[in-house]
Structure formats: structure tokens, C-alpha cells
Amino acid sequence: MYSDFVFAALALINLTGFIVVAADKYRARKRKWRIPEATIFMIAAAGGSIGVYSAMLIYRHKTRHWYFMSGIPLIILIQIVISYFVFTEILPH
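Just so we're aligned: 58 in the working numbering is position 58 of the sequence shown, and the numbers increase by one with no gaps anywhere.
Hints are supplied without guarantee of correctness; some may be wrong.
Pairs of lysine to any residue residues, derived as SDA-like cross-links and limited to a Cα-Cα distance of at most 25 Å, are as follows [what the hints assert, rightly or not]:
1. Lys25 - Val86
2. Lys25 - Ile82
3. Lys32 - Tyr67
4. Lys32 - Ile75
5. Lys32 - Leu57
6. Lys25 - Glu89
Hints in this document: simulated from the structure, not taken from any laboratory.
The model shown is predicted, which means the values in this text are computed figures rather than measured ones.
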């Protein structure tokens with residue numbers, strides 16, 4: 001039951017991250033108000049890093065910024081390590 005909630009929450013935050021990056025790309029093309037980069041990083045740090053990174057690659061958005069191209073994969077790596085630790089060391093006890 002707990003894992004169902006975690007997976008649903010992660011799916012939702014990743015979908016949100018994907019949509020936010022896609023919306024920012026759309027707004028950039030239309031020269032409209034943009035979504036702050038800090039917001040995109042916060043969504044990624046909150047668990048939406050795979051959604052953010054997927055949208056970056058699909059829409060070719062923020063891919064020229066070194067801090068996105070290295071920062072988002074670093075967040076993904078950190079989240080994988082934390083998830084591994086939680087699921088192997090904390091939850092089984």
C-alpha cells in the first residue's frame with residue numbers, strides 16, 4: 001500500500017516536471033513570460049528529475065545550459081542512491 005502511494009506520487013511529480021519543461025519551451029518560442037529555472041530545479045529535486053530530463057531531451061530545451069545538462073542527471077543519480085538506501089536498508093527493517 002505504501003509503495004503504491006510512493007509510485008503514484010513519483011509518477012505525478014515526473015508528469016508535472018515534463019509538462020513544466022514543455023510549457024517553458026512553448027513560452028520561449030512565443031516570447032512569453034518564462035518559468036523560472038529555479039522552479040524547474042525544485043521540481044527535479046522533489047522527485048521529478050526523470051520527467052524534467054526527458055522533456056529536456058525530447059523538446060531540446062535547456063540543453064545548452066551546462067548546469068541543466070549536468071545538474072539534472074546528478075539529481076537523478078542522487079535520487080537513485082537515496083532510493084536504493086531507503087528500499088534496502090530502512091524499509092526492510
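Is it true that the CA of Lys25 sits at most 25 Å from the CA of Ile82? Given that 25 Å is the threshold and the Cα spacing comes to 30 Å, the pair is violated.
With a cut-off of 25 Å on the C-alpha distance, tell me whether Lys25 and Glu89 pass. violated (40 Å)
Compare the distance between the alpha carbons of Lys25 and Val86 with 25 Å, and conclude whether the hinted pair is satisfied. Not OK: Lys25 and Val86 at ~35 Å, beyond 25 Å, violated.
Check the hint pairing Lys32 with Ile75 against an upper bound of 25 Å on the C-alpha distance. Given that 25 Å is the threshold and the Cα spacing comes to 28 Å, the pair is violated.
Hint check: Lys32 vs Leu57, CA-CA at most 25 Å. Holds or violated? Answer holds: Lys32 to Leu57 is near 21 Å, not above 25 Å.
Keeping to a limit of 25 Å between CA atoms, is the pair of Lys32 and Tyr67 held or broken? Answer holds: Lys32 to Tyr67 is near 23 Å, not above 25 Å.
Going down the numbered hints, you'll see the structure goes against 1, 2, 4, 6, while the others check out.
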